[in-house]
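Going line by line, the protein sequences match chains B and P. 1 is the number of the first residue of the first sequence in my numbering; add one for each residue after it. 335 is the number of the first residue of the second sequence in my numbering; add one for each residue after it.
There may be inaccurate statements among the hints.
Chain B stretches covered by chain P per the calculated footprint, using a threshold of three residues with CB under 8 Å from any CB of chain P [as the list claims (entries may be wrong)]: (1) 36-49; (2) 155-165.
Chain P is faced by these chain B residues, among others (derived, beta-carbon under 8 Å) [to be verified]: (3) R215; (4) A260; (5) T263; (6) S276.
Computed Cβ-Cβ distance ranges for the label pairs, DEER-style [to be verified]: (7) P:L450 x B:R274: 36 to 42 Å; (8) P:P514 x B:G305: 31 to 37 Å; (9) P:P563 x B:D90: 46 to 52 Å; (10) P:D548 x B:G305: 52 to 58 Å.
Derived by calculation from the structure, the hints in this document are not laboratory data. Glycine included, C-beta positions come from ideal geometry on N, C-alpha and C.
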Amino acid sequence: MSFIDLFSLGFMQRALIAALLTGLAAPAIGTFIVQRRLALLGDGIGHVAVTGVALGLLTGTSPTWTAVVVAVLGAVLMELIRERGHTNGDVALALLFYGGLAGGVLITGIAGQGAATLQAYLFGSLNSISSADVWSTAVLAVVVLTVALGLSPQLFAVASDPDFARVAGLRVRGYNLLIAVLAAVSITVAMRTVGLLLVSALMVVPVATSQQVARSFRTTLLGAMLVGCAASVGGLFLSAWLSFRVSVAPGPTIVLLALAMFTATWPLGVWLRRRSRLMAPFPEVNATPHRSTDDHPHDHGQDCGHPAVPHGDHVDYVHDGHRHAVHGEHYDEH
Amino acid sequence: MTSPDPRLAPPVVLDRVSVAIGGRPILRDVDLTVRPGEVVTLLGPNGSGKSTLVRAVTGLLPHTRGDVRLFGTPIEDFTDWRRLGFVPQRSTASGGVPATVREVVASGRVGRRRLLRPSGPADRRAVEAALDVVGLADRASYGVSQLSGGQQQRVLIARALAGEPDLLVLDEPTAGVDLPHQQALADALGRLKASGATIVLVAHEIGPMMPLIDRTVVMRDGRVAYDGPPLTQEVASHTHHHDDHDVPTRHDHAPHVASPFDWERRSSQ
Numbered sequence: 001m002s003f004i005d006l007f008s009l010g011f012m013q014r015a016l017i018a019a020l021l022t023g024l025a026a027p028a029i030g031t032f033i034v035q036r037r038l039a040l041l042g043d044g045i046g047h048v049a050v051t052g053v054a055l056g057l058l059t060g061t062s063p064t065w066t067a068v069v070v071a072v073l074g075a076v077l078m079e080l081i082r083e084r085g086h087t088n089g090d091v092a093l094a095l096l097f098y099g100g101l102a103g104g105v106l107i108t109g110i111a112g113q114g115a116a117t118l119q120a121y122l123f124g125s126l127n128s129i130s131s132a133d134v135w136s137t138a139v140l141a142v143v144v145l146t147v148a149l150g151l152s153p154q155l156f157a158v159a160s161d162p163d164f165a166r167v168a169g170l171r172v173r174g175y176n177l178l179i180a181v182l183a184a185v186s187i188t189v190a191m192r193t194v195g196l197l198l199v200s201a202l203m204v205v206p207v208a209t210s211q212q213v214a215r216s217f218r219t220t221l222l223g224a225m226l227v228g229c230a231a232s233v234g235g236l237f238l239s240a241w242l243s244f245r246v247s248v249a250p251g252p253t254i255v256l257l258a259l260a261m262f263t264a265t266w267p268l269g270v271w272l273r274r275r276s277r278l279m280a281p282f283p284e285v286n287a288t289p290h291r292s293t294d295d296h297p298h299d300h301g302q303d304c305g306h307p308a309v310p311h312g313d314h315v316d317y318v319h320d321g322h323r324h325a326v327h328g329e330h331y332d333e334h
Numbered sequence: 335m336t337s338p339d340p341r342l343a344p345p346v347v348l349d350r351v352s353v354a355i356g357g358r359p360i361l362r363d364v365d366l367t368v369r370p371g372e373v374v375t376l377l378g379p380n381g382s383g384k385s386t387l388v389r390a391v392t393g394l395l396p397h398t399r400g401d402v403r404l405f406g407t408p409i410e411d412f413t414d415w416r417r418l419g420f421v422p423q424r425s426t427a428s429g430g431v432p433a434t435v436r437e438v439v440a441s442g443r444v445g446r447r448r449l450l451r452p453s454g455p456a457d458r459r460a461v462e463a464a465l466d467v468v469g470l471a472d473r474a475s476y477g478v479s480q481l482s483g484g485q486q487q488r489v490l491i492a493r494a495l496a497g498e499p500d501l502l503v504l505d506e507p508t509a510g511v512d513l514p515h516q517q518a519l520a521d522a523l524g525r526l527k528a529s530g531a532t533i534v535l536v537a538h539e540i541g542p543m544m545p546l547i548d549r550t551v552v553m554r555d556g557r558v559a560y561d562g563p564p565l566t567q568e569v570a571s572h573t574h575h576h577d578d579h580d581v582p583t584r585h586d587h588a589p590h591v592a593s594p595f596d597w598e599r600r601s602s603q
């Protein structure tokens with residue numbers, strides 16, 4: 001069987017659809033979470049969802065839907081604790097982290113299931129997805145995308161300045177809860193592809209990658225969705241291709257591919273930020289003493305290679321700790 | 335107590351207002367009326383209750399006694415929040431994700447936008463006008479984090495202006511802003527005053543704002559100590575040189591997960 005033949009198999013097609021939807025939905029809501037500086041919120045919800053999966057195994061109902069319910073409850077609880085508490089909520093988050101994971105493992109044991117069953121949810125198992133799973137993934141992903149993109153002006157205002165948003169008449173608590181619930185939903189969407197323990201990576205890493213090069217919120221959001229898609233679909237292809245030789249799970253491959261994309265854009269981001277700092281206009285301050293260079297063998301110009309930084313009505317050429325401005329035949333020190 | 339024409343009602347009326355935080359009364363018996371078109375500064379040392387007063391006026395803190403009325407409507411029933419523009423204290427304009435100046439200013443329109451609708455020409459015009467007033471039109475596509483502190487403060491003012499408010503409340507907009515930028519700020523507020531807006535301004539230093547001010551209110555230890563013609567900060571601070579509340583805030587390291595006794599009045603909404 002060749003690499004291409006693999007995609008004529010039903011389970012592979014289902015995995016592809018699930019990966020694509022996850023790659024779109026998780027970074028969309030992740031952008032607002034990163035904006036609120038709650039990058040680890042997804043991880044916390046993921047841990048709580050483990051208990052939900054275990055409850056599904058115990059009661060014999062679909063673990064996807066019990067995970068949705070428990071993750072949403074956990075997210076709401078975390079949001080309320082964060083809002084009421086006077087810390088940043090990191091301690092409260094940690095409490096839920098450990099409670100969720102320990103509860104999940106305990107209940108799985110009571111349900112008579114081994115670690116292997118739980119593993120499929122902890123680290124994802126694309127190849128065991130049924131058509132019903134694909135449908136529920138699709139419905140949840142469409143809900144997340146519609147709300148996250150449709151309400152983005154409101155969510156942006158609330159995430160960037162809750163006090164301002166509240167005075168502007170928005171129900172800030174409602175929107176914060178909405179973000180938490182959407183995060184919980186997209187985590188259960190991503191559960192089957194990358195697994196609960198790696199899910200936060202798909203919410204955060206594409207955003208971190210995208211903001212290396214983006215300057216606006218809009219491009220960060222759309223770029224993160226693009227990166228998320230590329231990582232999850234690419235990771236799936238990569239793991240399928242590698243699986244001819246070694247046993248490679250899709251979940252970790254997707255996450256590592258996303259991290260590789262971050263690593264690749266990071267130097268570019270460093271360079272862009274350095275350049276924008278270098279080229280920021282100098283402030284105009286009057287009444288500095290006039291001083292010109294003694295002897296300047298070099299002619300500054302458009303292509304001389306030295307940064308030309310705007311300074312009032314002219315440019316200063318920056319080199320070796322000097323700021324040289326053209327003044328008639330010579331250069332002034334600015 | 336609603337007056338017949340809400341257009342002519344005073345933008346802010348505080349009638350024997352007390353505000354408590356965590357059970358401790360911070361503001362006591364504050365009476366204050368701000369008339370339409372007035373520019374009022376709130377002065378006073380740290381801990382005198384200026385910011386608490388602003389948070390009570392903007393509905394961010396519930397009041398425990400008395401009446402707060404905005405444009406003639408008790409604040410509990412007030413729904414016309416788009417008439418109010420707010421510039422919070424020392425908030426950085428940048429979050430965890432990059433955003434351009436225009437995006438932050440455009441977020442000031444949220445109070446006027448309908449859900450799930452794209453922004454219209456009126457929104458774009460208001461954003462451009464607000465950027466013009468604060469003199470940042472040429473920086474609109476810059477990232478907010480690239481700007482200096484004074485410019486970021488002007489971005490926040492533009493964000494409040496984009497909502498086209500009738501009442502603008504600013505909490506220490508000049509804190510940490512150097513003199514040239516304070517002048518730019520004062521110019522922006524002057525243009526706003528000329529258009530008929532009412533301005534309530536908490537300030538530590540007045541500086542270039544002085545010519546704009548119609549009235550000064552000095553707060554001291556949670557009460558109004560002076561309410562009358564404009565004072566400079568120097569005169570206002572002659573009566574008290576030190577912080578009134580230097581009680582250290584207690585912070586132990588147990589995880590305080592909830593404080594049920596502080597359940598706010600507005601939170602039931």
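How the hints compare with the structure:
1. 36-49: holds (count 3)
2. 155-165: Three-residue rule met by the stretch 155-165 of chain B, so holds; n is 8.
3. R215: holds (5 Å)
4. A260: Status violated, d = 22 Å.
5. T263: violated (19 Å)
6. S276: With a minimum Cβ separation of about 6 Å from chain P (threshold 8 Å), the hint on B:S276 holds.
7. P:L450 x B:R274: 36 to 42 Å: holds (40 Å)
8. P:P514 x B:G305: 31 to 37 Å: Because 33 Å falls inside the window, the suggested range holds.
9. P:P563 x B:D90: 46 to 52 Å: holds (49 Å)
10. P:D548 x B:G305: 52 to 58 Å: holds (56 Å)
Violated hints, listed in ascending order, are 4, 5; each of the other numbered hints is respected by the structure.
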